[in-house]
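A.B. asks: Chain by chain, the residues:
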Amino acid sequence: MSQSDAIPEFSKSRSGEGGEVSLTNLSAFSSGTGIRSGAEFLAIIAVAVAIIGGTELALRLFEVPQYIMPPPSEIVWALFDEFPLIAPHLGYTLIELFSGFTIGAVVGLVLAAVITQFPFAEKIIAPYILILVTTPMLALVPLLILRFGFGYTPRIIAVALAAGPMVMINAATGFRRVDSAKIALARSYGASTLQIFWKIRAPMALPMILVGLMIGAIFGLLTAVGAEMVGGGFGLGNRLTSYSSMIQMPQFFAVVLMLSILGILIYVLFFFIGKKWASWEA
Amino acid sequence: MTAGDTTTPKLRVQAASKVYQTASGNLLAIDGCSFDVAANEIVSIVGPSGCGKTTLLWSMSGLHSLSSGVIALDGKPITGPHPDIGIVFQEANLLPWRNLDANINFPFEIKGTQPDKQWVKHLLHRVGLDGFGGKFPRELSGGMQQRAAIVRALSLKPSVLLMDEPFGALDSFTRDEMNRLVEEIWLDAPTTIVFITHSIEEAIFLSDRVVVLSPRPGRVAKIYDVPFPRPRSFEIMATKEVFDLTNAIKLDIVGDRIAKSRPAEAVQ
Chain A
1 MSQSDAIPEF SKSRSGEGGE VSLTNLSAFS SGTGIRSGAE FLAIIAVAVA IIGGTELALR
61 LFEVPQYIMP PPSEIVWALF DEFPLIAPHL GYTLIELFSG FTIGAVVGLV LAAVITQFPF
121 AEKIIAPYIL ILVTTPMLAL VPLLILRFGF GYTPRIIAVA LAAGPMVMIN AATGFRRVDS
181 AKIALARSYG ASTLQIFWKI RAPMALPMIL VGLMIGAIFG LLTAVGAEMV GGGFGLGNRL
241 TSYSSMIQMP QFFAVVLMLS ILGILIYVLF FFIGKKWASW EA
Chain B
1 MTAGDTTTPK LRVQAASKVY QTASGNLLAI DGCSFDVAAN EIVSIVGPSG CGKTTLLWSM
61 SGLHSLSSGV IALDGKPITG PHPDIGIVFQ EANLLPWRNL DANINFPFEI KGTQPDKQWV
121 KHLLHRVGLD GFGGKFPREL SGGMQQRAAI VRALSLKPSV LLMDEPFGAL DSFTRDEMNR
181 LVEEIWLDAP TTIVFITHSI EEAIFLSDRV VVLSPRPGRV AKIYDVPFPR PRSFEIMATK
241 EVFDLTNAIK LDIVGDRIAK SRPAEAVQ
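Order-wise, the sequence lines are chains A and B. When we follow this note's numbering, the leftmost residue of the first sequence carries the number 1, and every step to the right adds one. When we follow this note's numbering, the leftmost residue of the second sequence carries the number 1, and every step to the right adds one.
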């Protein structure tokens, strides 16, 4: 019984120290102090106008052919013009992303919560998780297509395989952040293992879980688009290959722009979730 | 308290020893500690860093089991966390994702009971935290965090309060203030308090008795009575008696070393 006790150590096991990665310090938004004056706002607008306008001007001035780089105005125009045609494909990609991410995230979270409770199991599983994290799941897509056909299934599997391990390793890092003093506090009131998990370990892991979900979602988006480029006749990835093969560069870049916006939206979504639910760590 | 006392003490520590298994072998943290704490008595445990003070306190709280020996509350051995024992941890140990109200409510959530709202309100007022219920720990100073931790511990109306170097991280002014607060709370509603500290001044200010532990492994080197009247003013703390007692305890802890190397200075 006494063997299981650890020496009470307060300084080494404190949470939120040692510069751990948290949602907020990954953020470009939190690195600054926020827009505080009209002058700052004007400066931000001015720089954006200068960059976009400058590109537009330079491309037109040097008569750069459209198949090399279309000017920004034509990309934006194409985005609106082609939107009715692109929109269904955006829908397909979102379905793949959402389904695959949900499956991957749930499995990743459950696995992280379970294996961190059993350090021995974690040691056995760790190498395989590492393989899943480092192997580009895109490589498996041709194989998955052979087995599951050209529909949603192979892409959803690929997204789940890309997102799941990312969620899992980050969540596991969170669950491993044991603060012995806080667990002792809960135990001193007679808390059960389950209560300790839900009231101490889970809230403590939450910032890292959110980081994992965000990275997982972005990896999922990349994988979904990549998987659509490999084969099958739908999705934003398919639009990219299709437009580029037809040298419709404004349309091509319109899709790229759409993907950028999608990625940013994912980021912003998790940033605000983090701000609301995990700001205690900042 | 005195030898030959026939009544059961509130807390009895009897030949308590604790061995930790570490990567570099067994570590004997405390070795054969024995002392009693009477009901409504304040006893401080002082000793150098790493002498096993916290180990002793965690064993008294039932969070750790002893390797040998017995710690008994009202004559019954402590085998696990006990509802009659409240703990105030080092550096407050509040949960940073909960505001102050939710932190104070935490023990009741675990136990599935309702707090005595009047009592909690009284405690918050007593420590000067009225109106801070919605604040998060990071928005409070170290002293305020520790006040909240004291409220959390007392909200359960424990008959024994174990305090593990609660004010070690505070500056000395805040620390004096907190010591006065503990004494005031105790004078209001006496409880049994075991107070761990490495500050001899703090131990003397607060305690009825001071237990001095030797360097690792922690053994009870000496037990001093602190007979000064309460409330203890700064005038009392400046008397020669207090000064002599402080020096005597200091000599118990580091005395040997100083006496051997610089005998003349140690006597001064």
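Simulated from the structure, these hints should not be mistaken for lab results. Values in this document were obtained by computation on a predicted structure and should not be read as measured data. Backbone N, C-alpha and C fix where the C-beta goes; we use that ideal spot for every residue, glycine too. Among the hints, erroneous ones may be present.
Residues on chain A that point at chain B, a partial pick, calculated with CB under 8 Å [as the list claims (entries may be wrong)]: (1) R36; (2) S37; (3) I68; (4) P71; (5) P72; (6) S73; (7) E74; (8) G149; (9) R176; (10) A186; (11) A191.
A.B. asks: Indicate, hint by hint, whether the structure satisfies it.
C.D. replies: Consistency of the hints with the structure:
1. Given the 8 Å rule on beta carbons, the hint for R36(A) is violated: about 22 Å separates it from the nearest Cβ of chain B.
2. Residue-level restraint check for S37(A) is violated (minimum Cβ-Cβ distance to chain B is 26 Å; threshold 8 Å).
3. Interface restraint check: I68(A) against chain B, minimum CB-CB distance 52 Å, threshold 8 Å, status violated.
4. Interface restraint check: P71(A) against chain B, minimum CB-CB distance 49 Å, threshold 8 Å, status violated.
5. Given hint, P72(A) at the interface with chain B, is violated; its Cβ is 44 Å from that chain's nearest Cβ, farther than 8 Å.
6. With a cut of 8 Å, the hint placing S73(A) at the interface with chain B is violated, because the nearest CB-to-CB distance is about 48 Å.
7. Hint status for E74(A): violated, given a least beta-carbon distance of 49 Å to chain B, over 8 Å.
8. For G149(A), the suggested interface contact is broken, since its CB lies about 46 Å from the closest CB of chain B, more than 8 Å.
9. This hint is violated: R176(A) has a C-beta 17 Å from the nearest C-beta of chain B, more than the 8 Å allowed.
10. Annotation: A186(A) was flagged as interfacial toward chain B, and the flag holds, the nearest CB pair being 6 Å apart, inside 8 Å.
11. Checking A191(A) against chain B: minimum C-beta separation of about 5 Å stays under 8 Å; hint holds.
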